[in-house]
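Quick note, the sequences are listed as chains H and W, same order. Residues in the first sequence are numbered consecutively from 817, following my numbering. Residues in the second sequence are numbered consecutively from 606, following my numbering.
Among the hints, a few may not be true.
Think about it this way: if two alpha-carbon atoms lie no more than 30 Å apart in a straight line, the pair counts; the simulated DSSO-like pairs of lysine-lysine are [said to hold, decoys possible]:
id	chain 1	residue 1	chain 2	residue 2
1	H	K978	W	K704
2	H	K895	W	K704
3	H	K978	H	K895
Don't read these hints as lab results, they were simulated from the structure.
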Amino acid sequence: MHLALFIIFGVFCVAGALNLLLQRHPINSALSLIVVMSSLAVLYLLLGAEFLAAAQVIVYSGAIMVLFTFVIMLLNAGKEERTHGSRLAYIAGFPGAAALLGILTFVFLSRGGDFGQARLGEYIVTTSDLSRVLFRDLLLPFEVTSVLILIAILGAVALARKEH
Amino acid sequence: MVPTSYYLVLSAILFSIGVAAFLVKRNIITVFMSIELMLNAVNLTFVAFSRQWHQVSGQIFVFFVMVVAAAEAAVGLAIIIAVFRARNTLNVDQIDLMKL
Numbered sequence: 817m818h819l820a821l822f823i824i825f826g827v828f829c830v831a832g833a834l835n836l837l838l839q840r841h842p843i844n845s846a847l848s849l850i851v852v853m854s855s856l857a858v859l860y861l862l863l864g865a866e867f868l869a870a871a872q873v874i875v876y877s878g879a880i881m882v883l884f885t886f887v888i889m890l891l892n893a894g895k896e897e898r899t900h901g902s903r904l905a906y907i908a909g910f911p912g913a914a915a916l917l918g919i920l921t922f923v924f925l926s927r928g929g930d931f932g933q934a935r936l937g938e939y940i941v942t943t944s945d946l947s948r949v950l951f952r953d954l955l956l957p958f959e960v961t962s963v964l965i966l967i968a969i970l971g972a973v974a975l976a977r978k979e980h
Numbered sequence: 606m607v608p609t610s611y612y613l614v615l616s617a618i619l620f621s622i623g624v625a626a627f628l629v630k631r632n633i634i635t636v637f638m639s640i641e642l643m644l645n646a647v648n649l650t651f652v653a654f655s656r657q658w659h660q661v662s663g664q665i666f667v668f669f670v671m672v673v674a675a676a677e678a679a680v681g682l683a684i685i686i687a688v689f690r691a692r693n694t695l696n697v698d699q700i701d702l703m704k705l
């Protein structure tokens, strides 16, 4: 059951990411990124992170991707054109990413015995567990992030405003 | 029952696709989206290791990454709008004023 769900949503993730890479129109890339993020929420649920699964759907595939699609439609972004620089990136980019993938996969699979197995429902972090740590031990960092969000909002308004 | 290393390999695949998209894509918004993809891949690694060693702090870290990613998306998209207003293009090859 766990393995079947992992394979289904892992394939969704990889297919969405590949579609992001292969599509030439930014709106198609944005929609496939939503697929990736929603499938990642299911994977978080399988790993017992229920709060993060909800936050992933609300924050990532909700708020952030709405912002992205909004900006794409606002700027009326069309198909990207190939330039001289992109040909160089094709030559250097794909082998580099493939080498990175090879190294990481080799390390993870060769050390795979040290990590053990993930069983469904064996370890669940409830929202109360998470908030106990967040509001008791890590209260200061939590409050600092609220200041960060405030500054980001002010910065976004200041940057996007039309100057006179 | 799924070995934790499968989750790590999946996140490595997503991260590598994100790196490739970051290098290959020429549209500044798509480049920005591939950064989000890489952040998500790292988040999956954090959650997998959090389950592996039964530590809540891994998930706390993912929470903070989400907060920072939201702030980054807001500021980054505002910068993209400002750049588009000034130069009327989204192609990163034509936004090269600081290049040698």
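30 Å Cα cutoff - pair K978 of chain H, K704 of chain W: OK: K978 of chain H and K704 of chain W at ~26 Å, within 30 Å.
Is it true that the CA of K978 of chain H sits at most 30 Å from the CA of K895 of chain H? Between K978 of chain H and K895 of chain H the Cα gap is close to 26 Å, so the pair holds against 30 Å.
Do the alpha carbons of K895 of chain H and K704 of chain W lie within 30 Å of each other, as the hint requires? The hint holds at about 24 Å.
Checked against the numbered hints given earlier, this structure breaks none of them.
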